[in-house]
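Produce the entire structure from the sequences given, and follow the hints as far as they go.
Chains as they are written, first to last, in our numbering: chain A, 366 to 849; chain B, 350 to 841; chain C, 605 to 700.
Since the hints were derived computationally from the structure, they do not count as laboratory data. Please note that the accuracy of each hint is not assured.
If you want a taste of the chain B side facing chain C, the calculated C-beta under 8 Å gives, among others [claimed, not checked]:
1. Pro-451
2. Arg-591
3. Arg-681
We put the beta carbon where it would ideally sit given N, CA and C, even for glycine.
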Amino acid sequence: MTAWEPVIGIETHVELQTESKMFCGCPVDFGDEPNTAVCPVCLALPGALPVVNEEAIEGILSIGDSLNCTLTETSLFYRKNYFYPDLPKNFQISQYTFPLCVDGHIEVDVDGEAVRIGITRVHMEEDTGKSLHQGDTGRIHGADTTLLDFNRAGVPLVEIVSEPDIRSADEARAYGAELQRVVRTLGVSDAKLEEGSMRFDANVSIRPAGSETLGTRTEVKNVNSLRSLHRAIDFEIERQIEVLDGGGVVDQETRHWNEGSGVTTAMRSKEESEDYRYFQEPDLLPLFIDEEWRRRVHSRRPELPADKRARFSDLGADTQTAALLVDSPELATLYEGAIAGGADPRTIGIWLTGEVVAYLRRHETTIEATGIGAADLIELAAMTSENSLSATAAKEVLGGVLAGEGNPEAVAQARDLLLISDTGEIESAVDAVLGENDDAVQKIRGGDMKPVGFLVGQVMQATGGRADPKIVQELVRAKATDSQ
Amino acid sequence: MTDLADLSILQAGDGLRAGNFTAVDLLTAHLRRAAVTESHLHAYLVIDRVGAMEAARAADEALASGDERPLLGIPVALKDNMVTRGVETTAASQILAGWTPPYDGTAVARLRAGGAVIVGKTNLDEFAMGSSTENSAYGPTRNPWDTDTVPGGSSGGSAAAVAVGSAMGGFGSDTGGSIRQPASLTGTVGVKPTYGLVSRYGLIAFASSLDQIGPIARTVADAATMLEVIAGWDRLDATSYRGDVPEISGSLDAGVGGLRVGVVTELSSEGIDPQVIDATVATVDRLSDAGAEVVEVSMPSTDYALSAYYLIAPAECSANLARFDGVRYGLRAKGETVEEMMAGTRGAGFGPEVIRRILLGTYALSAGYYDAFYGQAQRVRTLVRRDFAQAYQGVDVLVSPTSPTTAFPVGARSTDPIAMYYSDVCTIPSNLSGDPAISIPVGLDDAGLPIGFQVMAPALGEELMFRVAAEVERGAEFTARAPLASSEVVEA
Amino acid sequence: MPIDFDIARIAQLARIALTEEELEAYSAQLEQILEHAARVQALPTDGVEPTSHPLTMVNAFRPDEATACLDRDEVLSQAPDAEDGYFRVPKILDES
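See the structure below:
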């Protein structure tokens with residue numbers, strides 16, 4: 366039985382949320398009304414010409430720089446020629462040789478392991494319009510006519526191509542998630558898979574483990590979430606293994622992921638493959654990104670997710686906490702504030718990843734809306750370290766603070782959760798319990814320590830759990846062994 | 350008294366400003382000329398009477414307040430590959446029949462802003478592909494010098510209108526000679542500016558790296574004036590020249606004393622009609638007499654320029670014309686599927702020359718053939734540019750005939766593409782180099798057909814080019830008018 | 605490089621529907637023209653860079669500002685077929 370190794374590369378498309386389109390001034394953020402954000406250029410009327418949106422170039426350069434790419438000094442636009450009704454010019458202005466960014470990499474965390482994925486290239490192109498299929502089923506097959514909306518045609522699109530360095534669906538998902546974080550951190554796109562502002566296509570092949578040659582790959586399309594990416598790749602790997610184990614060959618083809626049925630299906634294969642006849646775009650001038658520009662891009666690099674994870678780790682956060690904080694600026698601010706105020710990182714980490722996240726999810730709210738601040742966490746942490754609250758009680762207080770009941774002290778008081786600090790009160794309770802359990806006391810006096818636990822439990826019950834168990838235990842022993 | 354339709358633009362401008370006649374008078378004269386000549390010529394596809402009258406009236410109001418814009422009130426014709434808002438624009442193709450654009454091209458907008466009166470849209474070879482205007486889907490245009498001959502192409506309609514007086518100035522586009530060659534065949538002045546000097550936004554693209562809009566007029570000074578109005582950077586055209594617009598008409602009277610004129614060997618001998626050669630030699634002699642130093646310049650790569658052009662232009666046009674698919678505008682054929690509809694639309698909507706060039710261009714770009722054809726052609730283009738650059742180190746301007754022959758009979762070359770392509774052998778090199786060039790009428794052949802002389806200058810050297818052209822014009826004393834332009838002939 | 609082309613494939617790439625006769629006719633014409641065009645191969649061009657622009661300028665940009673769009677009614681009035689604000693075309697895929 367052959368041991369198979371999956372070899373996966375991912376192509377990612379990111380829509381840049383600039384004010385205007387890539388080659389014309391139509392707005393990118395349009396409403397729902399079809400064909401209201403169009404002009405001679407993006408509709409490809411006769412005589413129209415493209416002009417490059419400078420901000421889009423800044424956007425793609427920042428993406429490339431954040432992916433550790435080399436920024437190309439002289440970069441060119443090309444025409445990629447093919448006919449399709451949602452492509453107004455019937456060619457797409459894209460890049461071919463001399464793309465804007467090459468040879469980068471990104472590190473992703475897969476179950477605690479750092480995996481480095483190479484980035485082959487990042488290049489600039491334009492998005493197509495959208496087609497809706499009329500007809501009974503509403504899906505592409507069986508539609509009688511097709512409706513076209515060109516609002517999206519010409520929106521700046523960045524294509525990121527990874528090296529085939531990915532070896533599992535887990536790695537693929539981690540890669541996709543990390544790319545999404547980077548793009549969002551840069552602020553160039555909201556990168557929402559469900560809305561199509563970020564899209565993945567996966568190239569999947571398998572080969573015998575240890576082999577250097579690549580197997581035949583298939584391209585998997587129609588992946589609309591990170592979960593789908595994972596499921597689709599998992600399925601495709603299995604499918605290819607089955608084919609090869611059964612003595613068959615994997616066909617080079619494009620396959621469509623079907624979320625509902627959980628399978629990939631071969632798309633209608635064309636008789637001949639497309640010939641894109643790339644040639645340099647004569648309507649656009651070459652891009653010259655000089656040293657000064659490249660330096661400026663690099664100096665503008667913000668703190669990326671990987672940098673943040675490292676910083677949170679330095680602040681004492683474990684892997685899980687760090688990952689959470691990277692994805693939530695609100696929680697990150699809370700954490701940073703709490704640690705700065707001297708709170709214990711582990712405690713804060715547990716609270717944020719546990720109680721706080723659960724609360725926000727349950728009530729579909731935000732940190733801002735709850736009004737909780739770093740000061741609250743600092744106070745609460747102090748109360749637990751000073752033993753005014755048990756760990757369980759602290760969680761309850763936290764819930765109360767999130768619900769807007771007040772600061773930790775107030776909530777603890779109101780809910781009667783403060784641990785009893787008055788030794789006298791505890792002593793009375795111990796005395797009372799000892800008084801009611803003479804046999805147990807006698808046993809202890811006789812040297813049998815077993816009933817101590819029982820007596821401590823009784824005291825805890827009597828005090829509603831608010832006595833410090835350590836003190837109770839000390840007192841019980843002391844008083845029980847003491848002669849009356 | 351000269352018919353208003355026979356004045357030059359400068360003369361008409363003077364007359365308008367002096368109050369001798371109105372813009373409406375001027376337009377009326379041209380419309381009258383069109384009315385009597387169009388049935389013979391078919392220079393126009395559309396005459397926009399209403400729009401032109403409106404513009405003429407507006408011009409008269411402006412003139413009354415002392416407005417001195419040079420094209421104010423001047424009736425001009427636009428080649429129908431220039432997009433005009435609200436006026437049908439077809440590029441002489443069935444595939445755009447009835448298309449009414451929602452926008453004006455930049456050159457058109459500048460003409461309107463300059464107060465020009467747009468008479469209408471003129472005929473052309475379909476999508477500017479041709480050298481005779483016989484490839485128009487709406488019928489050919491005839492040459493006013495002999496209506497059995499072609500006016501040249503692809504801007505044949507504009508050239509014919511200017512030659513006959515149904516427009517005072519015409520605008521065309523030049524990709525391989527399409528302004529200069531028809532100017533040569535119709536006894537008018539035609540200019541291809543430096544690539545990038547005039548915006549291509551709103552020019553229906555044929556070959557993006559070669560196309561330029563330019564003027565056709567009856568005098569060199571008129572052409573210079575027209576060019577000044579449309580030249581200059583346009584933010585809507587990324588390939589438009591960003592620097593200051595060079596001087597254009599400043600040196601028309603400076604003469605050619607001390608200038609070095611290079612006669613291009615390869616363009617002045619083989620394959621050129623003997624009478625054309627004679628006229629060329631005579632013109633060059635006159636330049637010499639006027640003080641220019643004349644030398645022969647060899648530019649070997651020009652022998653290959655035609656071949657390179659017939660790979661580069663079709664390649665670019667194959668992509669530029671892909672947008673004509675029946676989806677968003679224009680003709681739409683029936684089809685069960687959109688693929689069927691697109692292919693059917695294009696098969697039915699494009700004429701044979703257009704289809705030929707699209708197929709040729711598709712092939713030249715296709716996988717496995719790109720390097721040997723398109724790639725090689727672009728390298729040959731570099732050699733052509735080097736030849737020009739080298740030549741201009743030793744001379745100020747280069748000269749040659751504009752066209753190897755005078756006007757040829759309708760139908761004479763339409764079944765022989767190679768012969769037709771050869772019409773552009775003298776003009777194509779400067780499209781490849783991107784340098785400016787102008788054609789000036791210098792005489793008639795024995796059949797009474799005009800002969801054109803070409804002056805080429807380095808990039809942005811319009812001032813020098815016009816300066817030499819003006820001297821050529823002075824020396825040639827070409828006062829002949831197309832027979833059809835004479836009202837007597839027409840009224841007979 | 606010998607001239608060798610598949611006219612049917614070229615016509616398909618260019619999406620131009622042609623009859624058999626037309627394909628044959630164009631094939632012959634193209635061969636003729638290509639013979640002339642192929643003369644470019646006779647010129648040695650080792651080390652010569654291709655020209656893709658006559659100008660030597662770079663970096664023509666526009667600022668990232670939204671500008672006025674076309675009026676949809678005006679646009680769709682020129683469309684061969686439209687419905688409800690959309691352009692309408694026959695179905696995209698063949699029912700197979």
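Arg-681 of chain B as an interface hint toward chain C, with CB separation required under 8 Å: holds, 4 Å
Hint check: 8 Å Cβ-Cβ cutoff, Pro-451 of chain B to chain C: holds, 5 Å
Status of the Arg-591 of chain B interface restraint (C-beta, 8 Å, chain C): holds, 6 Å
Hint compliance for this structure: no hint is broken.
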